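Participant: The listed protein sequences correspond, in order, to chains A and B.
Per our numbering, the first sequence starts with residue 1, numbered consecutively.
Per our numbering, the second sequence starts with residue 374, numbered consecutively.
By construction, these hints were calculated from the structure, which means they are not laboratory data.
Honestly, I wouldn't trust all of these hints.
Claimed, not checked - Restricting the straight-line Cα-Cα distance to at most 25 Å, the calculated cross-link-like pairs of lysine to aspartate or glutamate (DMTMM-like) are: (1) B/528 - B/591; (2) A/209 - B/465; (3) A/261 - B/465.
Unchecked claim - Listed below are several chain A residues computed to face chain B (Cβ distance under 10 Å; list not exhaustive): (4) 50; (5) 53; (6) 54; (7) 176; (8) 178; (9) 182; (10) 239; (11) 245; (12) 280; (13) 285; (14) 291; (15) 302; (16) 303; (17) 311; (18) 334; (19) 351.
Keep in mind it's a predicted model, so treat the numbers as computed, not measured.
Every residue gets a Cβ at the ideal spot worked out from N, C-alpha and C, and that includes glycine.
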Amino acid sequence: MSTILEKRRFRDLDWFLMLLAVGIAIFGTWQIHNAQPEANYWKKQLIGLGVSLVAMMVVALTDYRKLVYFAPAFYIFGLVLLVLVLVPGVGHKVNGQQAWIMIPGLGTFQPSEFVKIPTALMLARYFGRPRTSILSWHEMLIGGAILALPVGLIMLEPDAGQAITYLPLLAVVLFLSSIRMWLVIAALAAAFVTVPAAYYVGVKTGAIKNYQQERINVILDPENADRRGFGYHTWQSILTVGKGRIVGARSASDYSQSRLKFLPEPHTDFIFAVTAETTGFIGSISLLIAYAVLLSKLVVGARRAPDRMGMLVIMAFVGGFAFQIFINVGMALGMLPVIGVPLPLMSAGLSAVLATFIAIGFAISIRLRRFVN
Amino acid sequence: MKFEDDSQNLRLRLNVVQGLVFVLLAVLGVRLYFLQVVNGTRYAEIAENQRVKLLPIPAPRGTIFDRNGQLLVDSRSIYNIILSREDMRGRDFNSLTEPLAEGLGLDPALLRERFEEVKSQPAFEYIKVKENASHDDIGWVEAHGLEFPELSIEKQPQRRYPDDSVLAHVLGYVGEISPEQLKLPKYRDNTEKPYRPGDVVGKAGLEATYDHLLRGRDGYRKVEVDSRGRIQRVLEIVQPQPGQDLITTIDLDLQMAAEDQLRNSVTKRGVIVALDPNNGEVLAMASYPTFDPNLFSQRISTPEGRAEARALLLDKRTPLTNRAIKGRYPPGSTWKIPMGMAGLEQGAITIKDSNLACGGGITIGNKFTRCMGSHGSPALRYAIQVSCDGYFYRLGLKMELDGIMKMVDDFDINKRTGIDLPSELRSWTPSREFKARFNPRDPNWREIDTVYASFGQVHEFVTPIAMLRAVAGISVGGKLYVPHILKEAKAVSATGPFAALASYAFDRPDPKIVPLSEANHRLVMDGMFDVVNNGGTGGRIKMDNFEIAGKTGTAQVASLGKDVGANKDHAWFVSFAPAYKPEIAAIALIENVGFGGTHAAPTVRAVYDAYYRKTRHAEPTPALIARK
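Okay, chain A solo, but in the shape it has when bound (with noise of 0.2 Å):
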């Protein structure tokens, strides 16, 4: 019984969805590469990519149910990492921001990746009950608690590109349980309004100051605004995204805007950046398209759960990924201003790449049992 159980296990895998992961991993890899070919970032991020693999496998073939069931005590020590992340002589920093754990031998990492998974592991849990009415301010409450807590410790790292990152888990949820409608249009409504009436009146009493303003000039008019100094790594950015043009740029790494210091935090932030100059409009619209059909598929995935948690644990991370995706390539390609946001399953780092399989490891768990029922 048990080897036809593990048989169809493995049968019913999403292999799919897998080699479509570890495809695009690769193939950042590859960039991490082009961006820093002299370093080893592209070495450690392969390494990255096998613990990430086999830590996948582990949470797949887990029942996610016992996993959200013990939800609470992940949070919990998630929250604790987040703590002890803050103290001094734990926290390790980099570039300002206390954000990162050294374990001797394995190198750093990173809570504020990991937190993700407990924290949309939470809310899937709290509102994951059946549903038969509306969404009560009490529960709006409760989610917002839930998330204010880790994003709360992350803004005293401070790491304002990694808390935001974390609000579309909580809209999410929120909207797929049931939120009334008129006020997901409000608020939209609120935004579209206020913002850029806050704006105005910011300039015109001078609560904005110049240099902010200066910041908004850069998306909105890259080419003429401080390209020395503010709009530097955004207009960078989009000299060298054009500059792969449609085939990509010929011998690329000899001169690249990376390799002669252009671009800055090429394997990291500004990893697309690198995909468009060296695979050009042909490579970076592929991968946009590999991230379209990823995201596909973990929606397929969510509307096949057999329960609503299972179909919020998934659609949290579809709204995690999608949002950072968003903000990484749209700071990228100059339209978002500059915020430290990695690019799911391309930017170098450990962290990122072992959260990010893990995630998947949820949906391709939850997935797997669609007929057990």
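Since the structure of chain A is provided, determine the placement of chain B on it from the hints.
Facilitator: For chain B alone, kept in the frame of chain A given last:
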């Protein structure tokens, strides 16, 4: 959906989320399309331009020699410390002031001033932090490459002019091209040797006239730089092609003799020019007071240099002016040579009957204009010898204004000579229009004006070069050559992409021929011969074995009685030698010293002495100073 939970449109909501995801990805895709497919070529170009830098290697300018191959001007290499703006990338210049001032021994105030100056110019690429850097300075920059990667060393050829300002006005000087100059067609449309901001160009003298020959073609180093401007590798080196060397017609020995005379003259203001009347080659051209061209090529960027240049510009003695081509002076009695020549040619007098009354002066209406002596009724030869004003008053009246104007036009005195120096002025010569402009209170031409116009006062102000050209032309029987200083530009061999340049001999324009009857010519020659050799007004410079012919002139600056001190007469002497077979013609003008025969003639004699030593290889006989 495995679970029955459709009450809140869950399917719809899932579709909304999925749709939103696709919309966001599609937005990215469209943006990507515009960046890479639509505008990719432009961005690639911009990226390429920030990666590849062309560092110019300035071409050495051509060297200038005198006619015997003596060095006049050359260039030497100096090193400048420059700061690349690109590499500053928005950082504050002020943070550099202190460390640079300390490290390179500069005045922080001056450095700050320079930074301020360039901030207002959007287009600049480099700031010169220090010119002519020493070995220590260069060592300091190299040692601090990590701290200040925006600093680099640039090798630049610098013009070096002779000491003691020799030939300053003729050589001119170089300087950085001005924005106004860059807009002129001469510079803007030169595709052969394109001009760029910051280029060094000739600003005056031969440097300006022959900038196109002297200027080389700049080479460059094409390098790949990183974001901080550090050179990663050299992609290509194109060596510069030096400019063409110039051989001038100047004889340095004659030039030195002339300058020595001016330097030791009473007022130290004046001109001496010598040329070969047979072809127009200028052998010497000295103008005093003078200036040091090295000021403009080397010191102008220092505060002291700028103060020095300002002082030169404001100096009332106009040391920057080349008096030979830009000074206008009443010619005084030197005017009598073209007058006498034209009087004969026009038939106002004849060889047989060239006698006119002196009368000790002339009375027109109620105004008496006196002659300096009483000469009876002299013939032309004697009138020239003793410079009889009365004679020429009457000659002028016979020729009338039209005759004088024809004379002026025949001998090109009313035109620029066409010498190959920039900004030559045209002389003012007698005409009804000139009088009307010159004396608006009494604009009509009267008989008295004809008298004035005939002895070189009041109605004519001529440049020394125009006067010399007219007399030199007469001396060789009516051939007026265009005076010129360039003899030859040397060939330059091909370098890299630059083709070889052939040598270029000065393209001498045909002389203006003024038909003179041989007998008439002879008579004027005789008169000029007598001025020096037969006890005339220039008798004191008589020289054995080398017969100088000439004419003195003493031009009034103020009316009689007031002609003392600063208003003393200008002293002229125009001449050629040997008298009947001229090899050299020379003119001298000394401002406000007095009698021409006393002050101008001896300065010319010094030039002839130098010429005599060179060509006759013998010591000239001393001048007869005792003679009045």
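Participant: Next step is simple, just say for each hint if it's right about the structure.
Facilitator: A quick look at each hint next to the structure:
{"no.": "1", "hint": "B/528 - B/591", "result": "holds (12 Å)"}
{"no.": "2", "hint": "A/209 - B/465", "result": "holds (19 Å)"}
{"no.": "3", "hint": "A/261 - B/465", "result": "holds (21 Å)"}
{"no.": "4", "hint": "50", "result": "violated (29 Å)"}
{"no.": "5", "hint": "53", "result": "violated (25 Å)"}
{"no.": "6", "hint": "54", "result": "violated (29 Å)"}
{"no.": "7", "hint": "176", "result": "holds (5 Å)"}
{"no.": "8", "hint": "178", "result": "holds (4 Å)"}
{"no.": "9", "hint": "182", "result": "violated (13 Å)"}
{"no.": "10", "hint": "239", "result": "holds (4 Å)"}
{"no.": "11", "hint": "245", "result": "holds (4 Å)"}
{"no.": "12", "hint": "280", "result": "holds (6 Å)"}
{"no.": "13", "hint": "285", "result": "holds (6 Å)"}
{"no.": "14", "hint": "291", "result": "holds (6 Å)"}
{"no.": "15", "hint": "302", "result": "holds (7 Å)"}
{"no.": "16", "hint": "303", "result": "holds (6 Å)"}
{"no.": "17", "hint": "311", "result": "holds (8 Å)"}
{"no.": "18", "hint": "334", "result": "holds (8 Å)"}
{"no.": "19", "hint": "351", "result": "violated (24 Å)"}
In summary, the numbered hints that this structure violates are 4, 5, 6, 9, 19.
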